[in-house]
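Dock chain B against chain A, hints included.
Residue numbers (this note's numbering), protein chains in the order written: chain A, 1 to 721; chain B, 1001 to 1121.
Source of the hints: derived by calculation from the structure; they are not laboratory data. In this text, all values refer to a predicted model and were calculated from it rather than measured experimentally. Careful: at least some of the hints might be erroneous.
[Said to hold, decoys possible] 30 Å max Cα-Cα, derived DSSO-like pairs, lysine-lysine:
{"no.": "1", "chain 1": "A", "residue 1": "Lys561", "chain 2": "A", "residue 2": "Lys691"}
{"no.": "2", "chain 1": "A", "residue 1": "Lys561", "chain 2": "B", "residue 2": "Lys1004"}
{"no.": "3", "chain 1": "A", "residue 1": "Lys691", "chain 2": "A", "residue 2": "Lys628"}
{"no.": "4", "chain 1": "A", "residue 1": "Lys321", "chain 2": "B", "residue 2": "Lys1115"}
{"no.": "5", "chain 1": "B", "residue 1": "Lys1004", "chain 2": "A", "residue 2": "Lys321"}
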Amino acid sequence: MKVDRHLVLSMLAPGAALAAWLALGGVLLRMTLDPGQRAAVDAVLGPLVPSHGMLPVLWWLTAAALAAWVTSRLYEAHVAAPARLADATEMLIGDATAPDLVPQGGAATRDLIEAINGLAGARRSLQEDMARLVAEASRGVAEQRDQLGALMAELNQSVVACNLDGRILLYNERSRQLFRRLSRAPQGAAGAELIGLGRSIYGVIDPAMIAHALETVERRIARGGGATTVSARFVTGTPAGHLLRVSMAPVRPAASDGPALTGFVLLLDDITDEYQAHSRRDLQLLELTEASRASFASMQAALDMLDYSDLDAEERDRFHKVVRDEVSAMSARLAALAASTSQDLMTRWPLQEMLGADLLAAAARRIEADTGQPVASDDVDGTLWLSIDSFALIQALAFLASRLVEAFDRPDLRIRLTRAGNRAHLDLIWAGEDARAETLTGWQTGAMQVGDTRSPLSVRDVVERHGGEVWFERDRACELYFFRFLLPVATGEPVDSSRGGSRPEYYDFDLFAASEGSRAPDDRLLGEIAYTVFDTETTGLDPVQGDEILQIGATRIVNGKLLRGECLDQLVDPQRNIPEASIQIHGIRSEMVRGQPTIAEALPAFHAFASDTVLVGHNVAFDMRFLKFKEAVSGVRFDQPVLDTLLLSSVVHPNEASHSLDAIAARLGVTVSGRHTALGDALATAEVFLKLLPLLRQQNIFTLGQAREAAQESYYARLRY
Amino acid sequence: MSLKLLIADDEPNIVVSLEFMMKREGYEVLVARDGRQALEAIRRERPQLVLLDAMMPGMSGFDVCEAVRADEQVRDTRILMLTAKGRDTDVARGVGVGADAYMTKPFSTRDLMQKVREMLA
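The shape of chain A in the complex, shown without the other chains:
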């Protein structure tokens, strides 16, 4: 047990004081005596010292012991216990979850301890409440974000939200597709060089246009417009020659009602095709009008001439020929026009693309629910994508089916979907009884009513909405009767919105406050920088000796998040043979790169993809040598800062022997898939890089400049360069 010096001293003090007090009393007493009396006292007491001397000492000792004991009790109660109490309270201050103080000491101390415990308890419950509220709030926010994300993903319109610097905070799958079309880069970039979190919208839309629209919006807000009336619209051309119709809505802080904007939301429509179709139609109309006028003028003049009674036969023939000529010319013009515009005139109604089999399944369910009658759908072309208004079409089918069930008492119903050239046949079939033509026509043209719901549309209206047809057909041999719908087939590749797996990151509202532009590059915090993490596969090791890049893979890290949805994956035609030895490593054979862009076409796309970011790679000096060597032929320079995960790893773990990507990944607990494809390696490098960032912070490496400096000084850097 530890000896408390203070306690020992306080226990000895009363005995010492008593001894001093007694000695002082003796001395004072002696001083009051004259020498004779002193000698007499000495003479009386002197002989008693050996025999009775211990008696006063023992007396004193007893008193000292008693005093020591009392002091120790007092010390315990008034010094040690409060000190312990203070320590325990300190602990409670530091850690709210520390256990309560143990009641001890006197009644007053116990009261004090209880009071402290009460205070601590109150604070604990307050903290728990706060934590619960924060958790609830962030769950609410996360839910809202997820809902927003889901909504955006399903939305049929391209949406892009930006902060005032034009940096993209949010975009949806539609806009991703739109930008893929706008992209002039080779396929591998797929528009990811244009749209991405943290990228600038100004890469696509002229900043002056945005500034003008913002001005309009601000003016309207200042005039006191409501949320719906302040948005601005404009049409702009893109560098790739597309026409975009843009609607801009401001983002205003909800709390204050001041005019300050924090960003804007853009709704984008690619109206290139629409515009071209309109222009084409206008032009055709104009040409037809003018050609017709000319023809009519010739005919009218000729007919006027024929009115002269004194024409000879030859003159008469001549004017007749003019009329005949012009009539046949006009017929030919009209025929040509009809042929060219029938496709355009087909539909103005917004149709969606749907797998035919899905439509039939939904229609069968609806008919069964409405009529209680099973519907077979055995003959369905599962590859057919239709371009339809599925709600109205299912309604039409259900209506006809319910009429049939009423008229024929439980007929055997079937639906069938087959391809017919560039259209589709959708048949609603019943077996057995024929029906009167007038009835069937009435069903097609009358307003649809199923149960209590009455539609303003007729079956024919619905069909016309699709630019299709509907008729009644008999297959007398099989005693089958059916309504046949002629429907448009979806053109182009259907949009597959049911991608499996998790939805990629399409939004990051933390970027609202992003301010990296205001710092000098080297002072930017590592966690706030946008990175392009990339890797290349090559035919060999030395660009100077003629080795070439075969594949570029890249992904992005923005705001500390790996954006797996924003990747570049580009094969490159090296325009030389690929050594067999290198195929062992990357598996890229010459037939795979045939028809791919050359490095002169691929590098500018990668350059755009990496613009405004810091490059990250593993042993990146190797890749950078190739990029630098190709600067002349590609016309792009990669002059942004570069970080190397190999060097950073050696900064973090200077004593490890291996800093290969696999070794680092294993050390940091990153599972790597798709190694030795450029994109696979880039993704692995990105994950490794993200794991390295907190380890760098532990070494007081916070900024880009510090990271670059540390990497330069690392053992590996000195060894290799």
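For chain B alone, coordinates are given in the frame of chain A:
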């Protein structure tokens, strides 16, 4: 002497009738098949009146009209534009470049005849 009149149109089917009609009216009729021929004919033959089609290959009627008004020798030639371009913008352009009158195809030959007589009066 008979008045000289130029028909400039690339549509032979209308030229046939116009030529026939104007000749019957006693005019001396010249025919040009495109804008360039028309301008040459105007400079060479100095017709009093030109029936000018706006849409001709090469040099359009508008171009011919402009060239005529810019040429001091022939700038007083009367010009009646006969054209299938019927939008009011086209009429405005025709008058703007200096046509004395503008008739939109199709027209009745009686109206045309009347106009021609007025313009040559």
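Checklist line | Unsatisfied constraints (hint numbers, rising) | finding: 2
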